[in-house]
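S.K.: One letter stands for each residue in the lines below.
Protein chains: 2
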Amino acid sequence: MNKTIFRKYIQALAVLGASLSVSVAAATPDETLLSEAQRHFKPLPKDLSSMEFPVTPKQVALGRALFFDPRPSLDGTVSCAKCHQPALYGTDSLSRSIGVKDKLNPRNAPTVLNAALQASQHWHGDRTDVEDQAKKALLGAASFGQPDFIKSMAQLEAIPGYQAMFEQAFPGDSQPVNPDNWAKAIGAYERTLLNASPFDDFLKGDTEAISPAAKAGLRRFIDTGCVACHGGVGIGGSLLKKFGLTEDYWKSTGSQIIDKGRFDVTHNEADLYVFKVPGLRNVAMTPPYFHDGSVASLNDAVGIMAKVQLGKTLSHEEIASIVSFLNTLTGALPDNFATAPVLPASGFRPTN
Amino acid sequence: MNKTIFRKYIQALAVLGASLSVSVAAATPDETLLSEAQRHFKPLPKDLSSMEFPVTPKQVALGRALFFDPRPSLDGTVSCAKCHQPALYGTDSLSRSIGVKDKLNPRNAPTVLNAALQASQHWHGDRTDVEDQAKKALLGAASFGQPDFIKSMAQLEAIPGYQAMFEQAFPGDSQPVNPDNWAKAIGAYERTLLNASPFDDFLKGDTEAISPAAKAGLRRFIDTGCVACHGGVGIGGSLLKKFGLTEDYWKSTGSQIIDKGRFDVTHNEADLYVFKVPGLRNVAMTPPYFHDGSVASLNDAVGIMAKVQLGKTLSHEEIASIVSFLNTLTGALPDNFATAPVLPASGFRPTN
Chain R
2 MNKTIFRKYI QALAVLGASL SVSVAAATPD ETLLSEAQRH FKPLPKDLSS
52 MEFPVTPKQV ALGRALFFDP RPSLDGTVSC AKCHQPALYG TDSLSRSIGV
102 KDKLNPRNAP TVLNAALQAS QHWHGDRTDV EDQAKKALLG AASFGQPDFI
152 KSMAQLEAIP GYQAMFEQAF PGDSQPVNPD NWAKAIGAYE RTLLNASPFD
202 DFLKGDTEAI SPAAKAGLRR FIDTGCVACH GGVGIGGSLL KKFGLTEDYW
252 KSTGSQIIDK GRFDVTHNEA DLYVFKVPGL RNVAMTPPYF HDGSVASLND
302 AVGIMAKVQL GKTLSHEEIA SIVSFLNTLT GALPDNFATA PVLPASGFRP
352 TN
Chain W
2 MNKTIFRKYI QALAVLGASL SVSVAAATPD ETLLSEAQRH FKPLPKDLSS
52 MEFPVTPKQV ALGRALFFDP RPSLDGTVSC AKCHQPALYG TDSLSRSIGV
102 KDKLNPRNAP TVLNAALQAS QHWHGDRTDV EDQAKKALLG AASFGQPDFI
152 KSMAQLEAIP GYQAMFEQAF PGDSQPVNPD NWAKAIGAYE RTLLNASPFD
202 DFLKGDTEAI SPAAKAGLRR FIDTGCVACH GGVGIGGSLL KKFGLTEDYW
252 KSTGSQIIDK GRFDVTHNEA DLYVFKVPGL RNVAMTPPYF HDGSVASLND
302 AVGIMAKVQL GKTLSHEEIA SIVSFLNTLT GALPDNFATA PVLPASGFRP
352 TN
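Each protein sequence line maps, in turn, to chains R and W. For the first sequence, position 33 (counting from the first letter as 1) is numbered 34 according to the working numbering, and the numbering increases by one without interruption. For the second sequence, position 67 (counting from the first letter as 1) is numbered 68 according to the working numbering, and the numbering increases by one without interruption.
Hints are supplied without guarantee of correctness; some may be wrong.
Identical copies look the same in the list; a pair holds intra-copy or inter-copy alike.
Listed below are the simulated BS3-like cross-link pairs for lysine-lysine, each with C-alpha atoms no more than 27 Å apart in a straight line [to be verified]:
hint : residue 1 : residue 2
1    : K59       : K205
2    : K308      : K47
3    : K47       : K243
4    : K137      : K102
5    : K261      : K136
I should point out that these hints are in silico values taken from the structure, not numbers from a laboratory.
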């Protein structure tokens with residue numbers, strides 16, 4: 002029996018210990034915390050390639066170029082990287098993003114890091130996956146702003162170099178430069194944008210990977226009830242939930258506009274003020290917070306969540322403790338995100 | 002006498018040879034070309050730190066962060082990197098750049114790579130250096146769009162982390178977060194954004210560093226007369242010259258707006274249609290061309306320049322030959338430009 006299996010065995014016994022009065026060496030508090038954390042969370046996989054979404058290196062390379070290229074947008078100013086900037090951990094630091102022609106998005110741009118982990122995309126959960134999000138962004142009035150896919154693809158095709166990149170990424174397609182392949186390539190790239198953090202090392206068994214203060218914060222995060230929604234591999238991102246379970250969210254966030262959430266998609270009363278629960282990986286690096294970026298400070302955001310979701314008023318110390326844990330969710334930027342690709346030079350000149 | 006000195010001696014003698022009838026081994030055509038090129042051009046220095054503009058690593062690190070940070074702009078959307086994107090070789094690929102609030106710049110954004118080499122900045126030459134350019138961009142209506150420096154600096158100061166970075170970059174300053182230090186830091190960073198190319202290796206004596214076609218193009222570049230303005234370390238960038246010496250530029254470029262050039266700065270008739278001669282380093286990677294980005298193809302741009310500056314009509318083959326040479330001016334992206342810095346997370350939330 003190796004050490005890990007033995008530890009797990011001991012931990013399992015320890016959990017049973019109190020009721021069964023089995024006489025075993027007690028697990029250390031760290032081991033107990035680890036064991037509990039492992040029931041709530043999962044460490045990051047290497048990437049999110051799957052049978053359904055196979056990721057080939059050529060697709061990833063194409064998707065990476067497309068991600069950084071503003072030329073397929075209406076006026077040549079908007080790339081995915083405009084709202085998802087590497088230097089800002091895949092965000093734009095704005096409350097609500099601004100797309101072509103100074104058009105304001107209704108909601109905040111979440112980080113693209115680990116976004117592919119989520120069960121759905123967008124705050125209203127109305128994009129099925131990263132591919133769907135990428136495709137629809139082309140036509141978003143406050144995103145790429147294109148009137149149709151044809152114009153967007155024509156702008157791409159006018160750039161020498163892309164034709165061959167699409168052909169290599171999608172061999173056998175008679176017309177590879179098309180919006181579905183655009184979406185697949187960007188999705189393939191985003192499925193590689195995962196960044197493990199010290200908390201992943203903890204979850205894998207290294208109980209010294211995070212500080213005692215962070216471990217206390219993790220304990221509090223679990224005990225306070227945050228983990229009910231913010232669990233799994235994404236530390237959230239898998240559920241849609243009403244924002245403001247115990248009181249109206251806007252009274253605490255100070256939101257100027259009352260966003261009805263998923264109700265605006267389904268027109269179902271049950272979806273009133275329902276939003277996607279965001280994943281918390283890298284949360285310390287991605288202010289401002291909430292669907293409308295109405296709160297600048299992570300401490301404030303934690304306090305508001307406890308209040309409006311759980312009906313609990315946390316002290317400054319309790320909030321700071323949870324934030325100590327949240328800081329362990331920050332990983333290094335993936336190299337293929339931090340470093341810009343060199344785009345094929347343009348034969349095309351956007352009109353302006 | 003070592004080999005290099007011997008070669009130089011031979012080359013010098015070869016130049017004198019015809020008139021003096023000195024009997025020496027003739028220089029090879031490559032050696033003659035190299036020798037001639039060395040009279041017109043200079044290889045890149047490592048960086049542009051100088052007594053007047055000392056570059057410290059802390060200033061460069063601060064300047065690099067500031068370069069990528071959109072938060073000091075009016076609406077939080079414009080950083081230096083918006084118009085000078087790494088993926089587009091320090092340009093935005095637009096004919097004319099777009100700043101805050103969808104405001105159109107009057108002219109094309111040149112690459113920031115090797116920009117510090119130039120004798121002045123901006124197409125009208127009305128920015129003395131990269132520091133001056135960076136500072137004035139804060140107030141440019143179609144750049145950062147700030148009404149004054151105070152607001153811009155207040156937005157910077159609201160970001161935890163910058164105070165310490167400014168203090169370390171400018172020790173002893175009682176109020177280090179100020180527009181002059183903003184400019185100095187970004188200038189310090191830009192003075193490191195030099196990228197040597199295969200042509201630099203050639204200039205340093207490696208005659209095999211560029212292809213025979215490129216060498217033929219270099220010969221043609223010199224003999225056609227391009228080198229009269231596009232010489233020195235920047236392959237241009239040191240002079241102000243009238244665009245359209247032998248005929249009006251707009252008849253060839255198809256420019257929709259007739260830009261009067263430096264005349265708009267000095268109101269001196271002699272400055273009518275006078276623009277800064279751009280440096281040609283990385284020119285193949287930085288379309289579209291000219292002050293208004295009116296021409297998308299480098300081949301077209303070369304043909305137009307020969308026509309309107311030198312009164313020469315080049316054949317397609319002659320143009321292609323010169324472009325073969327121009328392609329040797331492309332260097333790799335500097336690492337500290339290709340890779341985004343991680344910016345201090347915001348406590349500040351831009352209003353939008």
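S.K.: Evaluate each hint against the coordinates.
M.R.: Hints, one by one, checked against the model:
1. K59 / K205: For K59 and K205, neither the intra-copy (31 Å) nor the inter-copy (37 Å) Cα distance is at most 27 Å.
2. K308 / K47: Answer is neither: 35 Å inside a copy and 56 Å across each miss the 27 Å cutoff.
3. K47 / K243: For K47 and K243, neither the intra-copy (32 Å) nor the inter-copy (57 Å) Cα distance is at most 27 Å.
4. K137 / K102: both (18 Å within a copy, 24 Å between copies)
5. K261 / K136: This pair counts as within: shortest intra-copy Cα distance 25 Å, inter-copy 43 Å.
The structure is inconsistent with the numbered hints 1, 2 and 3, although it conforms to all the rest.
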